[in-house]
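S.K.: These are the residues of each chain, in order.
There are 2 protein chains.
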Amino acid sequence: MQRFRACSFYSRLLANSKVSLTPSSAVTPLPKRAFPGHVSPSYVDFPIGAKNCFPYLRGYMSASTNLSMVNDQMGAQPVDLLKAVEDIHGGVVVSLEEPVDSVVFASELGASMSQWRQQGKKGVWIKLPIEHSNLVDVAVKQGFRYHHAEPDYLMLVHWIPHTADTLPANASHRVGIGAFVLNNNREVLVVQEINGRFSGTGVWKLPTGAVNEGEDIYMAAVREVKEETGVDTEFVEVLAFRQSHNAFFRKSDLFIVCMLQPHSFDIQRQTSEIEAAQWMPVEDYAAQPFVRENQLFDFVHKICLSKSEGNYSGFSLLPTTTSAGKKTYLYYNNRDAKHLLTSDV
Amino acid sequence: MQRFRACSFYSRLLANSKVSLTPSSAVTPLPKRAFPGHVSPSYVDFPIGAKNCFPYLRGYMSASTNLSMVNDQMGAQPVDLLKAVEDIHGGVVVSLEEPVDSVVFASELGASMSQWRQQGKKGVWIKLPIEHSNLVDVAVKQGFRYHHAEPDYLMLVHWIPHTADTLPANASHRVGIGAFVLNNNREVLVVQEINGRFSGTGVWKLPTGAVNEGEDIYMAAVREVKEETGVDTEFVEVLAFRQSHNAFFRKSDLFIVCMLQPHSFDIQRQTSEIEAAQWMPVEDYAAQPFVRENQLFDFVHKICLSKSEGNYSGFSLLPTTTSAGKKTYLYYNNRDAKHLLTSDV
Numbered sequence: 001m002q003r004f005r006a007c008s009f010y011s012r013l014l015a016n017s018k019v020s021l022t023p024s025s026a027v028t029p030l031p032k033r034a035f036p037g038h039v040s041p042s043y044v045d046f047p048i049g050a051k052n053c054f055p056y057l058r059g060y061m062s063a064s065t066n067l068s069m070v071n072d073q074m075g076a077q078p079v080d081l082l083k084a085v086e087d088i089h090g091g092v093v094v095s096l097e098e099p100v101d102s103v104v105f106a107s108e109l110g111a112s113m114s115q116w117r118q119q120g121k122k123g124v125w126i127k128l129p130i131e132h133s134n135l136v137d138v139a140v141k142q143g144f145r146y147h148h149a150e151p152d153y154l155m156l157v158h159w160i161p162h163t164a165d166t167l168p169a170n171a172s173h174r175v176g177i178g179a180f181v182l183n184n185n186r187e188v189l190v191v192q193e194i195n196g197r198f199s200g201t202g203v204w205k206l207p208t209g210a211v212n213e214g215e216d217i218y219m220a221a222v223r224e225v226k227e228e229t230g231v232d233t234e235f236v237e238v239l240a241f242r243q244s245h246n247a248f249f250r251k252s253d254l255f256i257v258c259m260l261q262p263h264s265f266d267i268q269r270q271t272s273e274i275e276a277a278q279w280m281p282v283e284d285y286a287a288q289p290f291v292r293e294n295q296l297f298d299f300v301h302k303i304c305l306s307k308s309e310g311n312y313s314g315f316s317l318l319p320t321t322t323s324a325g326k327k328t329y330l331y332y333n334n335r336d337a338k339h340l341l342t343s344d345v
Numbered sequence: 001m002q003r004f005r006a007c008s009f010y011s012r013l014l015a016n017s018k019v020s021l022t023p024s025s026a027v028t029p030l031p032k033r034a035f036p037g038h039v040s041p042s043y044v045d046f047p048i049g050a051k052n053c054f055p056y057l058r059g060y061m062s063a064s065t066n067l068s069m070v071n072d073q074m075g076a077q078p079v080d081l082l083k084a085v086e087d088i089h090g091g092v093v094v095s096l097e098e099p100v101d102s103v104v105f106a107s108e109l110g111a112s113m114s115q116w117r118q119q120g121k122k123g124v125w126i127k128l129p130i131e132h133s134n135l136v137d138v139a140v141k142q143g144f145r146y147h148h149a150e151p152d153y154l155m156l157v158h159w160i161p162h163t164a165d166t167l168p169a170n171a172s173h174r175v176g177i178g179a180f181v182l183n184n185n186r187e188v189l190v191v192q193e194i195n196g197r198f199s200g201t202g203v204w205k206l207p208t209g210a211v212n213e214g215e216d217i218y219m220a221a222v223r224e225v226k227e228e229t230g231v232d233t234e235f236v237e238v239l240a241f242r243q244s245h246n247a248f249f250r251k252s253d254l255f256i257v258c259m260l261q262p263h264s265f266d267i268q269r270q271t272s273e274i275e276a277a278q279w280m281p282v283e284d285y286a287a288q289p290f291v292r293e294n295q296l297f298d299f300v301h302k303i304c305l306s307k308s309e310g311n312y313s314g315f316s317l318l319p320t321t322t323s324a325g326k327k328t329y330l331y332y333n334n335r336d337a338k339h340l341l342t343s344d345v
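Residue numbers (full-length UniProt numbering), protein chains in the order written: chain F, 1 to 345; chain U, 1 to 345.
If we strip away everything but chain F, and leave its shape as in the complex, we get:
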């Protein structure tokens, strides 16, 4: 299994405080040089390949103009090398923008790999937009493996050294939320979904949903409730979370139970996905067999009630801002730690 060493939380914030890589927006592209072929450096929108680089920063990596002509194995035909930029871990990144014939690509890739081996490069990354799907087989035949894919591209990688691969791993978890929303009448906001496991069973469940890439957990909870029921809410706390494995495409899941405070009460269900939505007396919700007969569901429900009664502290939000103006959030027990925010230990 490939190893991945994580940067500390400190390194992430430190890096944000003292940006060691120039933000892309501030970079002046390097001038084109008088070489044949494509030489303009590429801004690559992902930080790459590192043993100790979790999390990575976006950055403009040092460009190497590697447009040179080398003789191919025939000794007579010059072969272009692939345009690539160096990453900060001794590797290179190839990002193809324009269509390339697969035979030409095979030749250029082979020549480039020879050069990178000679140069002692480590990880070689190739980002293939889906429009270049004709090149996937070429890369694989030359020893590249898949790293990850998004709808519009496939990332392949090849580790050159004979030492253990220290390439970073792909995303490993999906994150979802469940929202416990209680009004002043001790009624909890519940839904029946049109599709899914509970469809047609009569079960009333809490609003749930996935946290999207780039979305804050607390915002996902507020969003899901708004989408499914039309109710406006404010995030209060994370009450608990559960981790499970092998749930989906061998990935792991984190399910985060959130308490939200309602700020509106009229329900407008999401007709495409929600069969029905209502404010249900909390005792009736808990009396449903699927809650009552499941120890963990029942326990979590009790935690939610305990929170509503002021007898439970989960994790609150602490917004933070990096020196680059980027917002991140810390979730922590504010009841126990708020005095630490303003005083020294």
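To be clear, the hints were calculated from the coordinates, so they are not data collected in a lab. It is possible that some hints are incorrect.
DSBU-like, lysine-lysine: derived pairs with alpha carbons at most 35 Å apart [as the list claims (entries may be wrong)]:
#1 U:Lys302 - U:Lys338
#2 U:Lys327 - F:Lys302
#3 U:Lys338 - U:Lys326
#4 F:Lys302 - U:Lys338
#5 F:Lys327 - F:Lys226
#6 F:Lys226 - U:Lys326
#7 U:Lys302 - U:Lys327
#8 F:Lys302 - U:Lys326
#9 F:Lys327 - F:Lys302
#10 U:Lys226 - U:Lys326
#11 F:Lys338 - U:Lys226
#12 U:Lys327 - U:Lys338
#13 U:Lys226 - U:Lys327
#14 F:Lys226 - U:Lys327
#15 F:Lys338 - F:Lys327
#16 F:Lys338 - U:Lys338
#17 F:Lys338 - U:Lys302
#18 U:Lys302 - F:Lys327
#19 F:Lys338 - F:Lys326
#20 U:Lys226 - U:Lys338
#21 F:Lys226 - F:Lys326
#22 U:Lys141 - F:Lys141
#23 U:Lys302 - F:Lys302
#24 F:Lys226 - U:Lys338
#25 U:Lys226 - U:Lys302
#26 F:Lys338 - F:Lys226
#27 F:Lys326 - U:Lys302
#28 F:Lys302 - F:Lys338
#29 U:Lys226 - F:Lys327
#30 F:Lys302 - F:Lys226
#31 U:Lys226 - F:Lys326
Start from chain F and add chain U according to the hints.
M.R.: Quick look at chain U alone, frame taken from chain F:
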């Protein structure tokens, strides 16, 4: 942006309690039928495509034997259809095991897609082992997009209906831990890494690392400390966690600060990755500029100390076991909720 609706936490546990899909190990393969070609059902090791299916269960999905002969567009040449199994959301899954010529595959895929459209299928999934990289371009040319990739396969998908795509999203987060390990002398376990952002800076940081797919958070923390320093520990609590975005390949990160109790004290550093490791007086650790001058680092450090002094409650572990014998863990505030475990509200 593709929508993904999450199953509730309840549905996951309910599904585990009443396994609606037969665990793979208990399944007797369906008998081969008297059709030409390949007809044995495939166990597909991933649950697929669902609007309301987070998290999914592994399961053996109903097989459809779709080996029939259809006339191709020429009207005269019979064309095999692709072997596929139905998922529980109106879609099909193709999982290729044996090499296929790309021309043959193109023909079979086209014919299969026609049939699936007629049958009103929704999501069509194709799992291509990396050995079948020659088929990627064929699938893309017939309208498939990438869904996700692992080192050894690429998953492509095509949404047939004209309605909004409700296919599930890929993993969105990476999860990492930082371990705060304090001994009875009020010394904290710290390391200097050979590689990474702090390499050569003189900074002493907490042990950190990524949580692997399939690995429990608490175990990842214990493992990382053991690997980096040789110290045996026991997980105590999650003290806080932080979410950040666009850290790595557009994914989001969760960094989880954990408190661990040491059970051994001799240090054996991991020579491949750790330059040095030591027990450092906690005041000296906090006095480092990278802690002291960063409000968030400093705050988190104070939380850790407060915990060690018994004045802070994070989230403890509650092991749970599904009816299938599978272990999962709930993280919650035990100090506030332990009385709920045995009594009724």
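S.K.: Can the restraint linking Lys327 of chain U and Lys338 of chain U be considered satisfied, given a maximum Cα separation of 35 Å?
M.R.: Holds - the C-alpha atoms of Lys338 of chain U and Lys327 of chain U are around 20 Å apart, at most 35 Å.
S.K.: Is the straight-line distance between the alpha-carbon of Lys302 of chain U and that of Lys302 of chain F 35 Å or less?
M.R.: The hint holds at about 30 Å.
S.K.: Could you grab the alpha-carbon distance between Lys302 of chain F and Lys226 of chain F and see if it respects the 35 Å cut-off?
M.R.: holds (24 Å)
S.K.: Are the Cα atoms of Lys302 of chain U and Lys327 of chain U separated by 35 Å or less?
M.R.: Holds, at roughly 33 Å.
S.K.: Need the status of pair Lys338 of chain U, Lys326 of chain U: alpha-carbon distance at most 35 Å?
M.R.: At roughly 23 Å apart (the allowed maximum being 35 Å), Lys326 of chain U and Lys338 of chain U satisfy the hint.
S.K.: Is the Cα-Cα distance between Lys326 of chain F and Lys302 of chain U 35 Å or less?
M.R.: holds (23 Å)
S.K.: Holds or violated: Lys338 of chain F with Lys326 of chain F, Cα cutoff 35 Å?
M.R.: With Cα atoms ~23 Å apart, Lys338 of chain F and Lys326 of chain F stay inside 35 Å; holds.
S.K.: Tell me if the straight-line CA distance from Lys302 of chain F to Lys326 of chain U falls inside 35 Å.
M.R.: holds (23 Å)
S.K.: Check whether the Cα positions of Lys226 of chain F and Lys338 of chain U lie no farther apart than 35 Å.
M.R.: Since the Cα atoms of Lys226 of chain F and Lys338 of chain U sit roughly 32 Å apart, the hinted pair holds (cutoff 35 Å).
S.K.: Does Lys327 of chain F sit within 35 Å of Lys338 of chain F, going by the straight-line distance between their CA atoms?
M.R.: Holds: Lys338 of chain F and Lys327 of chain F sit about 20 Å apart, inside 35 Å.
S.K.: Would the pair Lys327 of chain F and Lys302 of chain F pass a check requiring their Cα atoms to be no farther apart than 35 Å?
M.R.: Holds: Lys327 of chain F and Lys302 of chain F sit about 33 Å apart, inside 35 Å.
S.K.: For the pair supplied as a hint, Lys226 of chain F and Lys326 of chain U, is the alpha-carbon distance within the 35 Å limit?
M.R.: Given that 35 Å is the threshold and the Cα spacing comes to 34 Å, the pair holds.
The earlier numbered hints are all upheld by this structure, with none contradicted.
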